[in-house]
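These protein sequences, in sequence, are chains A and B. Each residue of the first sequence is one higher than the one before, starting from 11 at the first, in my numbering. Each residue of the second sequence is one higher than the one before, starting from -2 at the first, in my numbering.
Everything labelled a hint here was simulated from the structure, so no lab data went into it. Where hints are given, some of them may not hold.
Cut-off 20 Å, straight-line C-alpha distance, at most; resulting in silico cross-link-like pairs (EDC-like, lysine to aspartate or glutamate) [as the list claims (entries may be wrong)]:
1) B/K122 - B/D29
2) A/K60 - A/E194
3) B/K50 - B/D129
4) A/K142 - B/D29
5) A/K73 - B/E130
6) A/K156 - A/E123
Below, each chain spelled out in residue letters.
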Amino acid sequence: MKSQIRQPVYRGRFSFRFLVSCACVAVLGGCATPTTYEGMIPTAFRTAKKHPQTVGVSVNGGKETDSTGKPQISDATFTQALTESITKSQTFSKVIQASGADYLLTVTLFGMEQPSFGLSFTVKLEAGWTLKRVSNSQTVWQESIKSEFTATTSDAFAAVTRLRLATEGAARNNISAGLARISELNL
Amino acid sequence: MLKRFALALLVFPLTSGCAVNRATATVTPGADPGAARTFFVVQPSTDSRGVGKLVTDNLVKRGFSATAGPGVPQPSKVDAVITYVDRWMWDITMYMVELTVTMRNPQNNFPIASGNSYHTSLSRKSPEEMVDEVLTNIFNAKK
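If we strip away everything but chain B, and leave its shape as in the complex, we get (with noise of 0.2 Å):
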């Protein structure tokens, strides 16, 4: 028993870096990410957890207008694009620890803004929360 704990500690330092909690948000320089009204929410295929719908319904919730699909072709009156990028991780249940939502110049692909939150097991959030912690900072911070 003490050698296999021995053995667990030995190996965590050399498979895993240490976690945190934080929320952060930032802005390109001269942008203002408030000023867009329409976006469309680009869904990679490999999102079986509906996190695209998740941004998409929150984006509605705070009174912009928003779709969402496929990367291509994407529709070209909108003044912004979102990608996102979501980690889960398992802990007795299946939980998102992190998320990352870009928001983009359709023109060009260029990132206008960009929000990130992570919360580990025992401050975990739920999806809903989670999308909703990350666009509020995206549209709270400073230009």
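With the rest of the complex left out, here is chain A (with noise of 0.2 Å):
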């Protein structure tokens, strides 16, 4: 007979504990977190060339995070990624910041695509990309390079984590294209 009294109650505290756990989880796991630097840099590039200039680089239209919001891209995130990787990658012989540099890279972030539901999530990304000789101001190059990620459960199995994976993951792919197609260029 105290059993059966006692059951009841001992459900109710689990379900109120539970419940409040379960908002826990809602609260905390659905901020948006910014995308880092690190996530955007290619772990492997494709070069044709290294080229012996200096590049300065410029990066635009890029966001802030909201913490309530989706994960964005900010211009000083992607222009770090953007500089370790030409660093890395050798593409230019060096990143200079202030003016002086032989060529000036600049890239404006367009139309990011991403997904409010879903399991896998794809993120598309579109950046203009234009290089100048510094000496003349003429464009030597400018393309529009479109890239894209799909990030899945096996990566993050919370959406907000696995939404910033695959915005770094097309910014990153991004940067790979470009440079792959800097390097192709004779400068």
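Dock the two chains into a complex; use the hints.
Structure, rendered in structure tokens:
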């Protein structure tokens, strides 16, 4: 008889605790974390030529991540990822942030498509790449590069993390493709 | 009932990201979207809601010359080509949750400027208002 009375009380407490835990998971798990530059650096590069000249880097069109929104790519994060990628791939001999470089590489981030629901998240990114010779301001190369990356539940279980990984992957593929095209140029 | 609610709370962060209302525009350094007078709006075959017509009508209302059609063939004598991506959601009724409009150089398809508006259900806007907001932001964007 006693156990019959205690049983519902136990289940009620368990359900309440379980509900509070679920609410915490929903709140904590639903907030966006900013993308990291480390996640945007390609692990391997397709470098046809290594240019001996120096380059300056300028990135615009990026957005800061709002904690209640989706992970975004900021100008500073993409700049750091691009700078380190150029250094690693040796596409140019050196990246010079101040004026005085032989070339100026401008990347404008356009139209990132991010999903809101799903198990597999595919993020698409379009970036306009422009390479100018600083000495005469001549545009030597200009191209729109589209990239995408799909992150699945095996990459991350929480949706916000999965979306961040997909966003970083799309940026990583964009940097990889852009530098590969630049390495093919005759400068 | 409690179990279902708990389950919904658990599933939500695993299947969805957060949402926020925003309206932004980006212009390629050195480009001037206001210099274009004639436009061609590329209507994808998947556009069943007539968003391409709304974009074309809005450009005409602004005093520009604008035509719409499928991507191939494009008219050669235009100053800019317009492409767009619209996303819709359901909440009681269908509504446009996001619109991205990109203005491109007709010679090489390079983006000149791009605008994006994202409004969730509670602050939803009509498709006409979304189009107007995005184009206004593109033309007012800092060069």
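Right, here's what the structure says about each hint:
1. Distance hint between B/K122 and B/D29 is unfulfilled; the C-alpha atoms sit about 28 Å from each other, more than 20 Å.
2. Distance hint between A/K60 and A/E194 is fulfilled; the C-alpha atoms sit about 9 Å from each other, no more than 20 Å.
3. A C-alpha spacing of about 12 Å is found between B/K50 and B/D129, which places the hinted pair at or below 20 Å, so the restraint holds.
4. For a cut-off of 20 Å, the pair hint linking A/K142 to B/D29 stands: about 18 Å separates their Cα positions.
5. Using a Cα cut-off of 20 Å, the hinted pair A/K73 and B/E130 holds, with the two alpha carbons roughly 19 Å apart.
6. Proposed proximity of A/K156 and A/E123 is supported: the alpha carbons are some 11 Å apart, at most 20 Å.
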